[in-house]
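Participant: Whole structure, please, built from the sequences with the hints as guidance.
Listed in order, the protein sequences are those of chains R and C. Residues in the first sequence are numbered consecutively from 1, following the working numbering. Residues in the second sequence are numbered consecutively from 1, following the working numbering.
Hints are computed from structural coordinates only; laboratory data are not their basis. Note that CB positions come from ideal geometry on N, CA and C, so glycine has one too. Among the hints, erroneous ones may be present.
[To be verified] Label-pair restraints from in silico Cβ distances:
| # | chain 1 | residue 1 | chain 2 | residue 2 | range |
| --- | --- | --- | --- | --- | --- |
| 1 | C | Ala122 | R | Ala284 | 18 to 24 Å |
| 2 | R | Arg87 | C | Glu70 | 38 to 44 Å |
| 3 | C | Gly94 | R | Ala237 | 51 to 57 Å |
| 4 | C | Glu15 | R | Glu261 | 54 to 60 Å |
[Claimed, not checked] Chain C is nowhere near these chain R residues, computed Cβ spacing over 10 Å in every case:
| # | residue |
| --- | --- |
| 5 | Ile62 |
| 6 | Gln161 |
| 7 | Leu221 |
| 8 | Leu282 |
[What the hints assert, rightly or not] Stretch by stretch, here's where chain R covers chain C in the computed footprint (C-beta under 8 Å, at least three residues):
| # | segment |
| --- | --- |
| 9 | 17-29 |
| 10 | 40-46 |
| 11 | 89-100 |
| 12 | 103-114 |
| 13 | 127-139 |
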Amino acid sequence: MQPFAYVRPATLSEALTLLDEHGPDASLLAGGTDLVVALRNRTLRPKVVIDLKRVAELRPSISDEEGWTTINATSVLTDISEDQRIRARYPALVDAAVTVGSAQIRNRATLTGNICHASPAADTAPALLVYGAIANVASVRGTSRVNLAEFFVGPRQTVLQPGELVTSIALPADATPRGATFVRITRRRGVDLATISLCCMVEATGRTQFAFGAVGPRPFLVADESGLLADLDVGDAAKDEVLRRLLTQASPISDVRGSREYREAMLLVMSRRALRLSIARLAAA
Amino acid sequence: MRIHVTVNGAERDLEVAPNTTLLDFLRDDLRLTGSKECCDLGECGACTVLVDGRSVNSCLMLAVEADASEVTTIEGLAKDGRLNPLQDAFLAKGAVQCGFCIPGQVMAGQYLLQRNPHPTLAEVREGLSGNLCRCGGYVQICEAVLAASEVGR
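Facilitator: Pasting the structure below:
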């Protein structure tokens, strides 16, 4: 690993000032499970690493206020999957959080880091997309809120501008009863990236949303407003037709984890499965 | 940078360069070579230690991040020269073949049993899914964790 300076700000304003000062020479450190690999591989060569874990405002916490559940930037995936409120309200996010890496990775990796790293295969992205999550963004210039659906630009690229960081991710309270499920295919269980991943949410109104990962340059969200997918009286053939239409936005590539053709075929299979599971979760809600 | 860490119960105060991983710090500076360096990517689990009670890949953590933390390595499990029940179970079940992955497997098992004292086989497999054994001795390793979970029941 090449040398770098390590700074550990105690407050958000200190962290933002440092980030503003050092610009592209700085890397942010939350859980480190992506950053330390990049430092060792020298794909990143920062002059300064800014550790966010001791920033008072970013300490691990999950809080409820004004209809939002807010997950602070340094909350790790284990914190999220073990939180009773998250388990009750956002089960698909728990499905996703417990599939990331291994117990050791989940004890260090943060939800915010998973999103900011912006891998097309980020496991938590599809669930956050269907739940309508937002990222709270801060810089020395002020704060803003970004809908996750507008957050991802491309592989490892987000809308974040130099000097900006995500202070928390917030999920809106459920307005209507809903059932959501996250499913994915990997070559082996544990410490593997998704070949494909997706999250389905069926609302009591009949609206159905899908978000997909690892089948395009960025995770993306699509919706069926017709109510057909959620309708128990509609046959599989008619549902497949709707699913195929929703899947036209997927543009999977062939790589070591699977071919384009395999991914396309599995997208339909896994979409059907997630739809059935989500309908069952809605009925149980 | 100067860091203060408690390693296996002993307080240490040492100077460490920011570009040193916790694993290198443990092995090279503290001479605790039980934790192994293998993939250096967080995929094999050979470097697993506990930091403030949670299992982590010490190759994915900078030593400076451990400042003010408590670290437990494989060397910290035995007390007064006696192996702990999980280590005993690894011996009793013949779970150690070449032995390279075992410190990491034991630490991952230790963390699992702390959280879930009586896991099912499926839970053991899931709990150890971040630890690779190139000898392929998973059956005995899982049996050892299950056997340790029965001790004192």
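Participant: Now tell me if each hint is right for this structure.
Facilitator: Status of each hint after checking the structure:
1. A hinted range of 18 to 24 Å holds for the C-beta pair C/Ala122 and R/Ala284, which are about 22 Å apart.
2. The hint said 38 to 44 Å for the Cβ distance between R/Arg87 and C/Glu70, and at roughly 28 Å that hint is violated.
3. Range check, C/Gly94 to R/Ala237: Cβ separation about 54 Å, and the 51 to 57 Å hint holds.
4. A beta carbon spacing of about 56 Å between C/Glu15 and R/Glu261 agrees with the range 54 to 60 Å that was offered as a hint.
5. Distance check for R/Ile62 against chain C: the nearest CB is about 17 Å away, which clears 10 Å, and the non-interface claim stands.
6. The non-interface label for R/Gln161 is consistent with chain C: the shortest C-beta to C-beta separation is roughly 26 Å, beyond 10 Å.
7. With 10 Å as the threshold on Cβ separation, the claim that R/Leu221 sits away from chain C holds: the shortest Cβ distance comes to roughly 29 Å.
8. Remark: the non-interface label on R/Leu282 is consistent with the geometry, its nearest Cβ contact in chain C lying 27 Å away (cut-off 10 Å).
9. With 5 residues having a beta carbon nearer than 8 Å to a beta carbon of chain R, the segment 17-29 of chain C meets the requirement of three or more and the stated coverage holds.
10. Counting residues of the segment 40-46 of chain C whose CB lies closer than 8 Å to any CB of chain R gives 5, so the stated coverage by that chain holds, three being the minimum.
11. Three residues within the 8 Å Cβ limit are the bar, and the segment 89-100 of chain C against chain R gives 0, so the coverage statement is violated.
12. With a cut-off of 8 Å between beta carbons, the segment 103-114 of chain C has 3 residues touching chain R; three or more are needed, and the interface restraint holds.
13. Look at the segment 127-139 of chain C against chain R: 4 of its residues bring a Cβ nearer than 8 Å to a Cβ of that chain, three or more, so the hint holds.
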